[in-house]
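Student: Each chain is listed here by its residues.
Protein chains: 2
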Amino acid sequence: MILSKEQLEKFVAEIEPLDDGIMDAAQYRLDHLTKPRGSLGRLESMARRVCGIRKSLTPVLKNKLILTFAGDHGVVEEGVSSVPQEVTRQMVYNFLAGGAGVNVLARHVGAEVRVIDVGVAASLDAEGLFCHKVKHGTDNMMKGPAMSEEEALAAIAVGMECGSKAISDGAQILGTGEMGIGNTTPSAALFAVLLDLDVSEVTGRGTGVDDKTLNHKIEVIRKSLAINRKLLRSPLEILAAVGGLEIAAICGMILEAARRRVPVVVDGFISSAGALVAMKLNRIALDYCFFSHLSAEQGHRHFFATTGLKPILHLDMRLGEGTGAALAMELIEASVKIITEMATFDEAGVNA
Amino acid sequence: MILSKEQLEKFVAEIEPLDDGIMDAAQYRLDHLTKPRGSLGRLESMARRVCGIRKSLTPVLKNKLILTFAGDHGVVEEGVSSVPQEVTRQMVYNFLAGGAGVNVLARHVGAEVRVIDVGVAASLDAEGLFCHKVKHGTDNMMKGPAMSEEEALAAIAVGMECGSKAISDGAQILGTGEMGIGNTTPSAALFAVLLDLDVSEVTGRGTGVDDKTLNHKIEVIRKSLAINRKLLRSPLEILAAVGGLEIAAICGMILEAARRRVPVVVDGFISSAGALVAMKLNRIALDYCFFSHLSAEQGHRHFFATTGLKPILHLDMRLGEGTGAALAMELIEASVKIITEMATFDEAGVNA
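Those sequence lines, one after another, are chains A and B. Counting from 0, one number per residue, gives the positions in the first sequence under numbering that gives the first Met the number 0. Counting from 0, one number per residue, gives the positions in the second sequence under numbering that gives the first Met the number 0.
Because the hints were derived from the structure by calculation, they are not lab data. Hints may contain errors.
[Said to hold, decoys possible] In silico BS3-like links for lysine-lysine, alpha-carbon gap of 25 Å or less: (1) B/K61 / B/K309; (2) A/K309 / B/K309; (3) A/K61 / A/K134; (4) A/K336 / B/K61; (5) A/K4 / A/K211; (6) B/K336 / A/K61; (7) A/K61 / B/K229.
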């Protein structure tokens with residue numbers, strides 16, 4: 000799929016607001032279920048929102064699907080990660096073999112995991128892998144833009160396409176996931192630019208760098224933003240200049256989910272960067288997003304504080320891949336069953 | 000089962016510490032799985048603890064069971080709740096019909112719910128109900144002790160017996176639950192005495208009382224503590240004087256789970272009061288407990304702040320019944336699968 004800038008604009012304009020009428024009806028039902036009003040807290044607000052997304056008082060979220068996009072980052076040549084780039088490729092094979100964290104947690108909640116090569120810096124071909132490589136890793140953003148605008152659009156299109164296929168295949172709720180050594184670096188860059196935060200606030204230890212490397216990483220991001228400063232205009236240009244291929248794909252997937260009125264669970268720090276770009280393209284896309292957890296990657300809390308969004312889980316996780324999305328999906332599905340399976344006061348003969 | 004004070008003491012002394020050797024081995028495995036060290040956060044510490052509880056590196060938590068104890072409270076005649084006492088009985092029937100919140104969430108995670116009448120103020124007899132009534136509700140604690148010491152012991156014994164049967168029936172993880180109109184009142188009283196907190200700090204709105212009733216509720220608890228002050232000595236005497244039958248049963252169930260080395264998931268505010276009594280009888284019992292969530296009932300946060308314990312979920316729930324336990328069980332089971340199902344770096348051929 001070739002996506003032009005104009006087509007992207009047209010596409011994002013097709014995202015519609017939630018259905019307020021259905022949400023009011025959902026609230027009415029929630030208020031008449033056999034429990035003190037509001038006593039299921041955030042489960043209730045999640046359920047109401049899913050109803051508004053699906054335009055239904057009986058939404059079903061049984062078919063869960065996580066899309067894990069893999070991509071590499073040219074900026075790793077600056078030494079911003081403690082892990083070698085080849086681990087991206089190795090982990091893709093681990094995903095396909097079912098041995099990674101996301102596989103275990105997705106199996107636990109009954110979700111399918113699809114692994115997409117959108118930009119691994121190695122030629123991959125394996126059974127079960129969705130091959131949509133745009134480029135063998137981004138370019139080093141400290142030396143210029145990570146991607147051209149066309150490449151960023153192509154990666155967004157991969158996310159849309161994979162999201163579309165997942166929905167056509169029956170997925171009722173989608174989760175985002177990613178793998179890409181070095182990808183906390185472009186994510187931090189995107190947070191800094193798009194939320195107007197200082198680089199040091201949004202830069203963390205990723206897979207676990209020491210103090211010295213952390214300071215170096217902050218410097219690398221500052222320099223990348225400086226060298227690309229003329230390109231930091233629209234969300235798309237910013238994504239191209241200092242983003243990543245898997246981050247762009249996540250952005251596209253979220254936009255497609257929103258356009259198709261399917262709830263989408265945003266995984267952690269890196270996925271939130273993709274969601275942030277989607278939200279800058281069309282703020283309404285956010286209404287379709289559930290933020291699965293507060294990552295232990297420092298900076299994620301600034302994302303939440305600045306946007307006013309609220310994560311569902313607080314488990315000090317920082318693995319990515321879609322692990323947080325897997326766990327949160329199960330809670331969102333639970334929330335919907337509150338509406339569809341709990342008895343009302345009348346039905347149960349309980350005094351209101 | 001008749002339980003004497005001496006038998007209770009002997010029983011609680013049988014609770015053994017976690018197995019440090021197994022926990023070290025679990026940590027070693029966690030550190031060699033294909034993920035940055037520590038990146039699954041609290042899932043890792045939960046998994047390690049389950050291994051230490053079960054004395055196994057391959058624990059299985061598939062068979063989940065929630066025990067929901069129902070009991071009434073004489074103190075409701077002081078007007079501390081906005082809901083009539085008969086709702087306890089009505090909700091028991093709702094549980095048995097499968098229409099309550101705990102039923103929906105337990106079904107969602109594949110957990111069985113057993114409903115036990117340990118002290119409902121009405122004669123109940125229905126298929127599926129476990130009848131272990133100690134008393135038709137507690138006495139009004141504002142006029143004297145809620146229970147005699149013998150009654151409290153009998154209720155503890157009910158919890159032990161039901162816990163024991165659940166484990167013998169194959170449960171691999173237990174969850175606590177309760178139903179009892181008015182039971183935030185004795186719970187707050189227990190928190191105040193056992194944690195040495197001011198009554199106003201631990202008293203909340205329960206099912207949703209207004210400001211005036213909240214102040215009255217605080218007064219009722221203060222007066223109850225004053226009139227019973229000579230009885231507020233040992234944990235057992237305190238439980239008898241200002242506790243509840245279902246709270247005592249939860250305490251007994253937790254002690255039994257700990258003695259049998261079975262992880263037990265503590266539901267919310269009221270269940271935490273039961274856990275607090277268990278912990279005062281033998282601090283080691285806590286090592287077997289997982290606190291499912293931070294209740295929106297104000298006071299629960301003081302429980303956590305004072306004890307240093309950490310809840311798993313933060314969803315602003317305040318329904319009780321075992322709803323929080325159901326959701327958290329699923330996460331604890333997930334944590335264990337990390338250890339048993341994830342590949343190590345060696346197994347997956349990934350660079351450590």
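Student: Hint by hint, which ones does the structure fall short of?
Tutor: 3, 5 and 7
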